[in-house]
Amino acid sequence: MKRPLPIGARGGVLIATAIAGIVAFVALGLSPSQLVPQRGGLEVVRDFFARALSPALSYESTFVPEGTQPIVVKALGAALQTVVFAAAGMSLALVLGAALSVPASQAWGGGVLYGATRTLIALMRSVHELLWAVLFLAAFGFTPFAAVAAIAIPYGGTLAKIFSEMIDEAPRGAALALAGAGASRTQMFAFGLVPRALPDMSAYAFYRFECAVRASAVLGFFGFETLGYYIRASFENLHYGEVWTYLYTLFALVVAIDLWSGALRRRFIA
Amino acid sequence: MTEVERLWRDRPRSRFLRWSVAVLAAIATYAWIFGDLRAADSFAPERVGRFVREVLPPAPDWGRGLAGMGATLAMAVLAICLAGLGGLALTLPGARTFATPEAYLPHGDEPSRARRLSWGAVVYGTRALQLFLRAIPEYVWAYLFVAMLGPTAWPAVLALAVHNAGILGKLGSETVENLEPATLRSLRAMGASRAQVAVAGIWPASLGRFLLYFVYRFETCVRDATVLGMLGIVSLGYWIADARAKRFYDEMLFYVLLAAAIVLAADVGSAWARRAVRSAP
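Residue numbers (my numbering), protein chains in the order written: chain Y, 931 to 1200; chain P, 44 to 324.
What the hints contain is simulated information worked out from the structure, not anything from laboratory work.
This one's a predicted model, so the numbers in the text were calculated from it and none came from an experiment.
All C-beta atoms in this analysis are idealised placements derived from N, C-alpha and C, irrespective of residue type, glycine included.
Some hints here could point you the wrong way.
Ranges of calculated distance between the beta carbons of each label pair, as one might list FRET restraints [claimed, not checked]:
| # | chain 1 | residue 1 | chain 2 | residue 2 | range |
| --- | --- | --- | --- | --- | --- |
| 1 | P | L300 | Y | L987 | 43 to 49 angstroms |
| 2 | P | G275 | Y | L1053 | 48 to 54 angstroms |
| 3 | Y | F1121 | P | L300 | 37 to 43 angstroms |
| 4 | P | W105 | Y | V975 | 35 to 41 angstroms |
| 5 | Y | V953 | P | L131 | 18 to 24 angstroms |
| 6 | Y | L1053 | P | E97 | 36 to 42 angstroms |
| 7 | Y | V994 | P | W105 | 46 to 52 angstroms |
| 8 | P | P88 | Y | D977 | 48 to 54 angstroms |
| 9 | Y | F979 | P | R290 | 36 to 42 angstroms |
| 10 | P | P88 | Y | V975 | 48 to 54 angstroms |
| 11 | Y | P995 | P | V66 | 35 to 41 angstroms |
| 12 | Y | A1028 | P | G92 | 29 to 35 angstroms |
| 13 | Y | L1053 | P | R96 | 19 to 25 angstroms |
Let's have the full structure, built from the sequences with the hints guiding it.
Dropping the structure here:
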């Protein structure tokens, strides 16, 4: 018996990747000699990881102004702010995603509306949330809503894309039966297709909430007081113990959401 | 009671789901009411109007723009290649079905305690390393590498590579663990060594999956590469941050659009690669 060779299209992708990697290396003008750490470079890395198991429980600066909150309280406050932006952004993204997913699904029809929605979704998704943040900060000035919008737009696009694919992949039986009984297209969607796709859609939305929390943390680099703001500030002050305190807070937040969404998935997808 | 009412009453319900939805809705409500988001203030007409006049039309600087696109894409490509190699190296030692004293062998002699423990150490050590690499966000890795190596493209490349190697290693190990063991067992029973099973059994059976994950992470790498330049590495992100600092918003919009273009191009390329991989024999 002739066994199919384990190369072919997959081998082609592998070879193309290898060539692209070499071209990229040459194009960037990199050389391995640049990988030798600069003076003091190794010390930074060593000092940073040396604090991994001893995150700061009090501030590392010699001068702490009177009335400053303890670092644990500050970390929890930053975590709350992180969740606030993520939750507000996600709730807006859900509205956008749900609204756009219908015209973006093939089941709704095709034509101009489908193409236009798909293009809009692609544009929303292809700009990174930090770049949306840059645009909204320029447009609105430094307001918290700029951070919310920066999450809502790209995540709304992603939700719309995935939701529409889930609707298209949902079992069609109920929808066809409804259509046969004279249901309108809206009724067919609302009672035939969406309910079948809903468990997958909610599981995915929950997963994106976890991503939104990470994104919200990074938005702190623009000055919003989320975990990223304090991670950056402490890193720049060489207070690595504090960096770990904020990093562990972020890990705890992400793991908690992950466990929660995992528990939900097990109940619904299984 | 009608049939429909009975069906409705007996529908599957879960208290956990209801509570979850309620808690999430409460968090969202809290965020909008007490989060001080100032949504309405954001749309101050004169401010937004001025922004629109400043940002449109985008001001193209094709020389910088194209070079920035090339650099950004090259960083992502090199990063994902290194991440793929790293992830591959972390795949087998992290797979519980492979890194055991008697991989795919019928239960024979009980392996010695020392061998069991040392294989256990390999698996859990590798898993811990994978977790460590991916748990630290790429921007923290980037900070560290900038501090260590100075401002070349390496910090961005290595940050993306290290973070994604952890992710790809984990996904790879899970793929190997989920392989159908029958073929691998029969290979082994015919006398194949552990290495031969890896090359002739595991590799062809899991390559497709590996490539799908690889392509999926490539898309993320391109997205992230568009912003990592903000750390001072000359690429699109650098020019965006530069234009932002000078308040040249029309120039900034041009670079943002170029960033969107390479993300879209990467999506198209990876969709093509995915189709090729899926259609493979």
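Going down the list of hints, with the structure as the test:
One distance hint, 43 to 49 angstroms for the beta-carbon pair P/L300 and Y/L987, holds here, with the actual separation near 46 angstroms. Range check, P/G275 to Y/L1053: Cβ separation about 28 angstroms, and the 48 to 54 angstroms hint is violated. Between Y/F1121 and P/L300 the Cβ separation comes to about 41 angstroms, which falls inside the hinted range of 37 to 43 angstroms. Under the hint 35 to 41 angstroms, the C-beta atoms of P/W105 and Y/V975, about 39 angstroms apart, fit the expected range.
Checked against the hint of 18 to 24 angstroms, the pair Y/V953 and P/L131 passes, with Cβ atoms roughly 21 angstroms apart. Checking the proposed 36 to 42 angstroms range against Y/L1053 and P/E97 shows it is violated: the Cβ atoms sit about 20 angstroms from each other. Remark: the range hint 46 to 52 angstroms for Y/V994 to P/W105 is upheld by a beta-carbon distance near 51 angstroms. Our hint of 48 to 54 angstroms for P/P88 and Y/D977 holds, since their Cβ atoms are close to 50 angstroms apart.
Between Y/F979 and P/R290 the beta carbon distance is about 39 angstroms. The supplied range of 36 to 42 angstroms therefore holds. Between P/P88 and Y/V975 the beta carbons are some 50 angstroms apart, a value that agrees with the proposed interval 48 to 54 angstroms. Look at Y/P995 against P/V66: about 36 angstroms separates their beta carbons, and that is inside 35 to 41 angstroms. Against the hinted window of 29 to 35 angstroms, the Cβ-Cβ separation of Y/A1028 and P/G92 comes to about 31 angstroms, which satisfies the hint.
Distance hint for Y/L1053 and P/R96: a CB-CB separation of about 21 angstroms, consistent with the stated range 19 to 25 angstroms.
The structure fails to meet hints 2, 6 from the earlier list, while all remaining hints are met.
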